[in-house]
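Whole structure, please, built from the sequences with the hints as guidance.
In case you want the letters, here they are:
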Amino acid sequence: AQKVTQAQTEISVVEKEDVTLDCVYETRDTTYYLFWYKQPPSGELVFLIRRNSFDEQNEISGRYSWNFQKSTSSFNFTITASQVVDSAVYFCALSVLNTGGFKTIFGAGTRLFVKA
Amino acid sequence: DAGITQSPRHKVTETGTPVTLRCHQTENHRYMYWYRQDPGHGLRLIHYSYGVKDTDKGEVSDGYSVSRSKTEDFLLTLESATSSQTSVYFCAISSTGTAGNTIYFGEGSWLTVV
Chain S
7 AQKVTQAQTE ISVVEKEDVT LDCVYETRDT TYYLFWYKQP PSGELVFLIR
57 RNSFDEQNEI SGRYSWNFQK STSSFNFTIT ASQVVDSAVY FCALSVLNTG
107 GFKTIFGAGT RLFVKA
Chain W
81 DAGITQSPRH KVTETGTPVT LRCHQTENHR YMYWYRQDPG HGLRLIHYSY
131 GVKDTDKGEV SDGYSVSRSK TEDFLLTLES ATSSQTSVYF CAISSTGTAG
181 NTIYFGEGSW LTVV
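Residue numbers (the working numbering), protein chains in the order written: chain S, 7 to 122; chain W, 81 to 194.
Among the hints, erroneous ones may be present.
To be verified - With beta-carbon atoms standing in for the labels, derived distance ranges:
| hint | chain 1 | residue 1 | chain 2 | residue 2 | range |
| --- | --- | --- | --- | --- | --- |
| 1 | W | Val92 | S | Asp24 | 41 to 47 Å |
| 2 | S | Thr78 | W | Thr151 | 38 to 44 Å |
| 3 | W | Thr162 | S | Ser77 | 40 to 46 Å |
| 4 | S | Tyr70 | W | Thr97 | 43 to 49 Å |
| 5 | W | His90 | S | Tyr70 | 30 to 36 Å |
What the hints assert, rightly or not - With a Cα cut of at most 27 Å, we get these calculated DSS-like pairs of lysine-lysine:
| hint | chain 1 | residue 1 | chain 2 | residue 2 |
| --- | --- | --- | --- | --- |
| 6 | W | Lys137 | W | Lys91 |
| 7 | S | Lys44 | W | Lys137 |
| 8 | S | Lys44 | S | Lys9 |
| 9 | W | Lys137 | S | Lys9 |
| 10 | S | Lys121 | S | Lys22 |
| 11 | S | Lys44 | W | Lys91 |
| 12 | S | Lys121 | S | Lys76 |
| 13 | S | Lys44 | S | Lys22 |
| 14 | S | Lys121 | S | Lys9 |
Derived by calculation from the structure, the hints in this document are not laboratory data.
Heads up, the beta-carbon is just placed ideally off N, CA and C, and yes, glycines get one too.
Quick look at the structure:
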């Protein structure tokens, strides 16, 4: 069975601080995809990034960076120089291919508060 | 914009009544999903579909049924709504291909069972 754990329920930082959101996943599949989504206070779910299990290269997009380590089954998300607009709930997700197609499960989410 | 429309967006219903939520997509995606979001639980998969008339259960399927008679529509039915089914329901589609599998969500349907 697959599982995604986001141990941090809530994180509070002051603007301009760096913050890392942790994600640990479990799967026996060798081929899988990992994702991060953002849910701002307005409620929509916004796709941020996808990585496949064969690509451990870290990625940077502006103030966002992601660290994928298969050895520790982790896919952590770092926001550099946080801003108030980063305040949101962030979800990590794992997708594997079942007999019936892709099945994606999510972690419980981490609520990030960025204070001015 | 992934071309996903959910209806109704908000509904209040009484315990024991049947409720159907509709998800409509315009881009011919093969995979469709229903999730529910509850505080402390994140997003939990209810059912998903990998084609017309092809569906499978997710993590929390008890009390729910689904149907997909057309590629563009994926219906979620609560046969007899209970207060524990008060939640926000998100429909999603999966964009697949050489770039891999990525889920895109609709705007959500707020369901209150009283």
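Practice prompt. State the violated hints by number, sorted upward, taking the hints as numbered earlier in the document.
Written response: 12, 14
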